[in-house]
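Could you build the full structure based on these sequences and the hints that come with them?
First to last, the sequence lines map onto chains A and B. The opening position of the first sequence corresponds to residue 1 in the working numbering, with each subsequent residue numbered one higher. The opening position of the second sequence corresponds to residue 1 in the working numbering, with each subsequent residue numbered one higher.
Simulated from the structure, these hints should not be mistaken for laboratory data. Fair warning: there could be bad hints in the mix.
[As the list claims (entries may be wrong)] Label-pair distances were calculated between CB atoms; the ranges are:
id	chain 1	residue 1	chain 2	residue 2	range
1	B	116	A	111	30 to 36 Å
2	B	21	A	197	41 to 47 Å
3	A	93	B	225	27 to 33 Å
4	A	172	B	41	23 to 29 Å
[To be verified] List of simulated lysine to any residue pairs, SDA-like, C-alpha gap at most 20 Å:
id	chain 1	residue 1	chain 2	residue 2
5	A	17	B	137
6	A	77	A	166
7	A	17	B	99
8	B	137	A	9
9	B	140	A	13
Positions of the beta carbon are idealized from the N, C-alpha and C atoms, including for glycine.
Each chain, letter by letter, is given below.
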Amino acid sequence: MNALIRLELVRALRNRKFLFFSVIYPSALFLLIAGSADSKEKMDGGGLTLPTYMMVSMASFGALTAVLMGNSERIAKERESGWVRQLRLTTLPGRGYVLAKTAAAAVVSLPSIVIVFVVAAALKDVRLDAWQWLALTGAIWAGSLVFAALGVALGYLASGDAVRPITMITYFGLSILGGLWMPTTTFPQWLQDIAKWLPTHAYASLGRAIEQSQAPSAQDMAVLVFFFVLFTGGAAWLYRKDTLKA
Amino acid sequence: MDAMTTTAAPATTTPVVGFDQVTKTYGSVRAVDGLSLRLYPGETVALLGPNGAGKSTTLDLLLGLKPADGGTVSVFGTSPREAIVAGRVGAMLQTGGLMDEVTVAELVKLACSLHPRPHKVSDVLARAGVTQIADRKVNKLSGGQAQRVRFAIATAGDSDLIILDEPTTGMDVSSRQAFWATMREQADQGRTVLFATHYLEEADAIADRVLVLHRGRLLADGTAAEIKAKAGARRVAFDLEGAIDEAALRALPFLTSIDVSGQTVRIQSSDADATVHALYGLGVYPRNLEVAGLGLEQAFVAITEAEEAKQS
Chain A
1 MNALIRLELV RALRNRKFLF FSVIYPSALF LLIAGSADSK EKMDGGGLTL
51 PTYMMVSMAS FGALTAVLMG NSERIAKERE SGWVRQLRLT TLPGRGYVLA
101 KTAAAAVVSL PSIVIVFVVA AALKDVRLDA WQWLALTGAI WAGSLVFAAL
151 GVALGYLASG DAVRPITMIT YFGLSILGGL WMPTTTFPQW LQDIAKWLPT
201 HAYASLGRAI EQSQAPSAQD MAVLVFFFVL FTGGAAWLYR KDTLKA
Chain B
1 MDAMTTTAAP ATTTPVVGFD QVTKTYGSVR AVDGLSLRLY PGETVALLGP
51 NGAGKSTTLD LLLGLKPADG GTVSVFGTSP REAIVAGRVG AMLQTGGLMD
101 EVTVAELVKL ACSLHPRPHK VSDVLARAGV TQIADRKVNK LSGGQAQRVR
151 FAIATAGDSD LIILDEPTTG MDVSSRQAFW ATMREQADQG RTVLFATHYL
201 EEADAIADRV LVLHRGRLLA DGTAAEIKAK AGARRVAFDL EGAIDEAALR
251 ALPFLTSIDV SGQTVRIQSS DADATVHALY GLGVYPRNLE VAGLGLEQAF
301 VAITEAEEAK QS
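Written out as structure tokens, the structure is:
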């Protein structure tokens with residue numbers, strides 16, 4: 001299985017487009033949004049400056065991109081091409097394929113998180129304690145597993161031409177409505193009421209709680225756990241269905 | 001089976017593959033219908049049948065890719081999955097995709113590292129004839145090249161059973177011949193080889209046993225020569241002068257079909273010697289007498305036609 005993880009990783013690192021969107025793009029977007037903002041001024045309704053706020057948003061967005069886009073389209077494509085069937089004729093255990101994909105995506109998502117942090121600290125003077133940097137990295141990295149599971153589920157749910165639009169709608173929907181691109185406080189009230197139940201919203205809130213040295217809210221944790229169980233269960237169910245069909 | 005079954009292996013030998021009354025249904029279609037068969041060590045067996053005969057489904061059941069609806073499938077006396085995990089089976093599927101955006105060498109290396117008894121990567125590449133394209137990306141290969149890469153993956157380790165589903169699809173004539181030479185090497189090393197094909201000449205030339213599959217059932221099981229015999233597979237042709245008594249000809253022993261056009265008579269016979277002997281007994285004087293074997297292809301058509309006639 002390590003051999004497959006290695007090869008998946010080699011392939012991901014060779015894919016310039018994927019690397020650009022998951023590693024470089026979030027940092028670029030961070031600079032675009034936070035570039036002209038004052039590094040000292042607090043945002044309304046919170047104790048965070050705009051760069052600090054957007055740093056967590058973009059690190060979460062980058063991790064989301066790496067694990068969601070990396071998994072769903074590839075799995076759908078490889079299910080169709082028969083590579084998944086071919087792998088079933090090897091000693092690789094059934095879940096090995098999905099685990100290898102997720103592990104490779106996690107390796108790519110780590111630099112996408114760290115690069116946003118480095119850019120924010122170096123160019124926008126974001127200052128946090130050492131434990132906060134570590135906790136943030138760990139929380140965003142671990143939290144991305146929720147979306148890795150979603151990517152796997154989508155890869156087994158959709159096929160052919162449907163997988164890209166479905167992935168894109170899910171990806172942009174979760175990013176925008178979850179408040180990764182702009183604070184949800186700018187939304188109308190009814191949309192805010194929906195947004196606070198989205199996993200991306202809870203995901204970014206987790207990071208912001210760490211930035212403010214607060215304990216994460218119980219609601220956010222519950223939302224993340226709920227979606228993790230939902231996506232993992234869904235992925236496992238779809239995987240089994242696909243295995244019987246293939 | 002009937003007397004045609006030549007593979008009389010000793011009863012103590014565990015069959016490499018054992019199908020016992022295996023059934024697989026898709027909706028109302030019985031893709032595999034009460035199939036029983038055994039393969040023994042060292043055999044090279046062709047699974048022959050037209051499209052839709054159930055060849056691919058049979059191989060999927062054999063490899064554990066699909067569960068059987070009824071009956072049992074065993075490989076080396078265990079479940080297909082256990083045999084695969086033990087590294088005893090190497091397989092090349094018609095629908096087996098390849099990981100793209102990696103090189104041929106990287107992919108073969110992966111296949112080797114997933115096998116419990118791997119061969120050396122360079123040996124596997126050389127044997128499959130893909131050393132020259134080892135650095136090429138998998139998604140840039142031609143159909144024939146991709147087939148050889150699939151073969152490399154199927155032979156990445158020291159497996160005892162090699163399964164090949166339509167392996168020469170997309171290959172030109174010369175690479176097809178080279179491919180079968182490579183595959184014969186595998187058989188000569190004592191491996192059991194099972195390949196599905198509808199290239200009938202391949203089954204004839206390569207297999208020491210041919211299984212004819214039709215509508216999910218085993219129509220015939222024997223050597224290519226026996227399959228031909230079963231189909232009435234010798235052709236007798238001759239010319240007669242004057243009026244031809246077709247009824248008398250039709251009554252000839254072992255005759256399976258007759259075609260009279262002008263003065264020329266063409267007969268298919270399951271025992272040409274006896275038919276010709278009886279022909280002279282009719283008191284006629286056949287000229288330009290020819291007795292020839294049928295190709296497996298014609299034999300195969302004859303078997304399936306006979307089966308379809310029986311069913312309708």
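Going through the numbered hints above, which ones does this structure break? Give me the numbers in ascending order.
Structure breaks hints 2, 3 and 4.
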